[in-house]
Every structure is written in structure tokens, then in C-alpha cells.
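Student: Sequence:
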Amino acid sequence: MTESNGTPTKYIFVTGGVVSALGKGIAAASLARLLKQRGLRVTLQKFDPYINVDPGTMSPFQHGEVYVTDDGAETDLDLGHYERFLDASLSQANNLTSGRVYQNVIDKERRGDYLGSTVQVIPHVTDEIKESISRLAPDMDVVITEIGGTVGDIESLPFLEAIRQFKQDVGHGNSLFIHLTLVPFIAAAGELKTKPTQHSVRELMQIGIQPDVVICRTEHHMDEGLRKKIALFTNVDLNGVIQALDVDTIYAVPLELKRQKLDDFVVRKLGLETPSPDMSEWRGMVERLRSPSGGPVRIAVVGKYTELVDSYKSIQQALIHGGVANDVGVEIEWLSSERYEADYPVSELDAFDGILVPGGFGQRGIQGMVDAIRWAREKGVPFFGICLGLQCAVIEFARNVVGMEYSHSFEFDKDSPHPVICLMDSQLKVTTKGGTMRLGAYPAKLVEGSRVAEIYGSLEISERHRHRYEFNNKYREPFEGAGMVLSAVSPDDQLVEMIEIPGHPWFIGCQFHPELKSRPTRPHPLFASFVAAAARRGGHLPPEPASAPQGAGTEG
Numbered sequence: 023m024t025e026s027n028g029t030p031t032k033y034i035f036v037t038g039g040v041v042s043a044l045g046k047g048i049a050a051a052s053l054a055r056l057l058k059q060r061g062l063r064v065t066l067q068k069f070d071p072y073i074n075v076d077p078g079t080m081s082p083f084q085h086g087e088v089y090v091t092d093d094g095a096e097t098d099l100d101l102g103h104y105e106r107f108l109d110a111s112l113s114q115a116n117n118l119t120s121g122r123v124y125q126n127v128i129d130k131e132r133r134g135d136y137l138g139s140t141v142q143v144i145p146h147v148t149d150e151i152k153e154s155i156s157r158l159a160p161d162m163d164v165v166i167t168e169i170g171g172t173v174g175d176i177e178s179l180p181f182l183e184a185i186r187q188f189k190q191d192v193g194h195g196n197s198l199f200i201h202l203t204l205v206p207f208i209a210a211a212g213e214l215k216t217k218p219t220q221h222s223v224r225e226l227m228q229i230g231i232q233p234d235v236v237i238c239r240t241e242h243h244m245d246e247g248l249r250k251k252i253a254l255f256t257n258v259d260l261n262g263v264i265q266a267l268d269v270d271t272i273y274a275v276p277l278e279l280k281r282q283k284l285d286d287f288v289v290r291k292l293g294l295e296t297p298s299p300d301m302s303e304w305r306g307m308v309e310r311l312r313s314p315s316g317g318p319v320r321i322a323v324v325g326k327y328t329e330l331v332d333s334y335k336s337i338q339q340a341l342i343h344g345g346v347a348n349d350v351g352v353e354i355e356w357l358s359s360e361r362y363e364a365d366y367p368v369s370e371l372d373a374f375d376g377i378l379v380p381g382g383f384g385q386r387g388i389q390g391m392v393d394a395i396r397w398a399r400e401k402g403v404p405f406f407g408i409c410l411g412l413q414c415a416v417i418e419f420a421r422n423v424v425g426m427e428y429s430h431s432f433e434f435d436k437d438s439p440h441p442v443i444c445l446m447d448s449q450l451k452v453t454t455k456g457g458t459m460r461l462g463a464y465p466a467k468l469v470e471g472s473r474v475a476e477i478y479g480s481l482e483i484s485e486r487h488r489h490r491y492e493f494n495n496k497y498r499e500p501f502e503g504a505g506m507v508l509s510a511v512s513p514d515d516q517l518v519e520m521i522e523i524p525g526h527p528w529f530i531g532c533q534f535h536p537e538l539k540s541r542p543t544r545p546h547p548l549f550a551s552f553v554a555a556a557a558r559r560g561g562h563l564p565p566e567p568a569s570a571p572q573g574a575g576t577e578g
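Using the numbering used here, the first residue of the sequence shown is number 23, and each one after it goes up by one.
These are computed hints drawn from the structure, not numbers from a lab. In this text the structure is predicted, and so the values were computed from the model without any measurement. Just so you know, not all the hints are guaranteed correct.
[Unchecked claim] 25 Å max Cα-Cα, derived DSS-like pairs, lysine-lysine:
{"id": "1", "residue 1": "LYS189", "residue 2": "LYS335"}
{"id": "2", "residue 1": "LYS401", "residue 2": "LYS436"}
{"id": "3", "residue 1": "LYS58", "residue 2": "LYS189"}
{"id": "4", "residue 1": "LYS496", "residue 2": "LYS451"}
{"id": "5", "residue 1": "LYS451", "residue 2": "LYS436"}
Given only the sequences and the hints, what does the whole structure look like? Please build it.
Tutor: Right, here's the structure in full:
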């Protein structure tokens, strides 16, 4: 747990109390950004108490987005926040669930690794958790670990016990505990109440953990007297009681924590000598986001899980980043594709500047997506299809342009005479669901002279995938003959990775998930270009110069 230069790695643990969904992930990512700007090498890790080995088989309505890393790990959506705030690529090692912990422990027991011992939560399960923390230490100055769930949940007890032990293992000067809690406003009394925070910290202390910092989520300003009261009853230094008011954008949180000198308090507690963070680039990004020169650009996201925006968290953020790249505001409307299979006219999409169809699984809402894509293609509305969105665009093009009336995906209609989307060869013998898709980063070759080659400014890319089905190569010739450009393929030419339609203002589909690599200070080029095209349709940006080649890239 010690660096080669003799300086021990420092460990920060973030827990939550009172209620869930207070924003532990954003708080942890914000502190990580502040420490990174101080010149420290920082990484983040998420512990999830559920028994699933990973969230890959969970419903988006229960868990939200499944975030895929370069190495193919299906992880918690908080890892998306970590990557966006840190501007770093993480891996499987950065997400651990109870299911994976118990799976590892049982595998070791079956191999005889415990030499006949009675395998117990303490020490075997807690040791497995501690090993996961230590694994991230090499080459890192600070490791920040977020514990999912809420203090008091039975599922999270092994994790809390493990981090309690870990502090003893590495020494008090090398670890720090942050507890995020709620200070509710009681309207009838007209005041904020600290009792839930007191009780939450007391429960944490009963486990043996004394927080060094208490971050208080609140909708109303906390005065000095309230902060002193919390400090008194929680045994926390007054400078460690941090107010977390609601903000208009999550990217303002690091600036707010800096204003309250949280990072100063943390580095002092951990004995780290660093310069003050330079947040000028980040502050400029936030200012552009808050006060764009143009917009709002109206984007319709037509998908399957739109009732829960967290299902498309990375798409939401990537569109926002695209707005920052073009200095325009972005207004997102989340529309269920099933509405177009009912009584809603698809013509309502004419009110939008761009249409995005995201990923998903299963047949529900597919026809609504196909209808929305046809509207975008025929009416010249900028269209962006991602994963299932590409597949639906292929189905629509086959039916209405190529002339294959009953075309479909093999996933939805195994009796279709034209299965233009088919199961990948590598998936033919797969019988289990968890972790068996085409996952992680894969390279692709772009067609020279294509719109996407102009956007990327390169003929070789690497993007993250999560799918089982692909464009059926038997139909390449009729599609290209009808005017569709298969603008990106795998290095062996076997998989179609991107499609586009020349002559359309902006019509691109990709089999991968570009949203996973977009950052607020480094927007993904596809999202920057898509938002630019939508802004031009809405009159928020000037038209592309006539001399520019069709599909020329934009800012970002």
C-alpha cells in the first residue's frame, strides 16, 4: 500500500445516510476532480451491496444505465460520473458488488485456498473487500471509494466493516471518512432539522466509523449556528461540515466544494502538500453551460426507458457536452417510442431540431422507433441512432427504401424473410446472459471521404460496445445500391460499425456507444457534430459553408 517513492497512498471512503440518491457519486467525483487539479494521481471505486455479480442483467427501470468500461466491465452508472469528472478511463477493478465478492470467496474455498478454515464474513469476506481497495493503490496518490446504499442497510455491513478495518491497517493519517447525509426542511415548522443527520452519524459510529467530514444535502441555506450544532453532535471539525445545496448543473459541484474549502481540509487531514487547484478550464466550461450564446436546441430522445432518465444518463450528459462544444443550450425531451404505436402522431417530431434513438433490448416500442426514424430521414431532421438505434435505422431503410417490406431484426422476428439484423456468429452458442455480449472497446476503420471520417478527423477509432446483434452482411450490396454508406467496419471487415445517408443534413447510426467516452471538457465529436447540425436546423448556428465537404466536422 506504499508508493515506490515512499509516500503512502491515501484512502478516502464516502458513505451515505438517511436516504439514498443524495449524490454520493457526484460528491466523490467532484472531490476527485479537485484533487486531480492539485496534481495528485487519483482514482475512484464503487462498492455496490447487491448480490448481482454486475448490473448487466438488471432492468434499467430498477438500476438505471449500465456503464461499460474499455475492458468490457458492465458497471454502475456512477462510474460514468467518475470518468466524466476525472477525464480518465476506469476498469472492472473500479466496481465491486457483493455478488462478485461472494463469488470470489466461494471460488477460493472450492480451490482449497483457505486450507480447511471455516469461511466466514470476518475475516474472509472483509479481506476480499480490502484486497479490492489495495489493488488500486499502485501508481495512485489517492483512492476514493464510494460505498453504495445507506448506512443501516444490512447488505452494506460487510463493506462498512471492511473499511473500518482498513483504516486500522493503513493508519489513521492515511485514510479519511466522508459521510453524505440529508438535512431536511420541515415546511410546517419553517426550519431545517439536523436530527436525521445526528442519527445517521451515530449509527455509523456504532459500527466503529467516525466521519471526518459530513456533507449535508439541503434545499435551504444552513447558517453558522446549524453547522456548529452538527459539528457538536457528530464530533466533526466545524470546517468538515460542508453544505451541499442543490445546484443547476452537476458540474458546478466541484466549484461549490472548492468555495467551501473541502479539498483544503482533506489534504490537510491526510498530510498532503499540494498547490491549490487550477479550476479555470472547468469554471469556463460551467459558465458556457450556464450561459450559452445560442439555443436552446431541442432534441427528442425516442427510446424504450424514457420514464427513467437515469437509464440514459450518459446520453443526457453527452448531449449537454455537445451543447458546450457549440456554445448552445440543449433542451432534451424524453419520448417513449410506444407513443407512436398508439394515438400520438409522429409529426409532432417536427417541433424538434434533432432526433436521437438510443440503445435497448426487446421488441417493445420497436415500431415506434422505426416510425420516428422514417420521419427524420424523409423530413431532413438530424438523426443519431445508437446501438439499437442503428439497427432500427437499418430496418426502416430496408422496408421503405430498399423495398424489403417485411424486413426485421432476428431478435424480434425469427421468421422474417429479410433478417437485416442478425445474431453475431460469436453469440450463436451463448446460452447465459450475464457478461456474454460483445462488450468493451473495439477498433473500427472509417471509410475515407465519409461524413464520420470528417467528424472524427481520423480513419481509425476505438469505441465501446454492448450488443449481441449486428448488420447482416448478406444485405450489404442492396443497401449500398440504395444509397446507404456503410461508413465504418471492424478491422477484419466482418462487422458494420456505422452507417450514414449522403444528401441528408445529418443521418448517422453507430453500433457502439459513443456517449460513454464523452467528457464535459472534451465532448465526443459525434455528439458535438450532431448538436451542431440540430442547432443549424433550429437557426442557432449559421449554415455550413457551401465550400465545405458534406459531413465536415464541427467544434469539439
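Student: Going through the earlier hints one by one, which of them does the structure break, listed in rising order?
Tutor: Of the numbered hints given earlier, those the structure breaks are 1, 2, listed in rising order.
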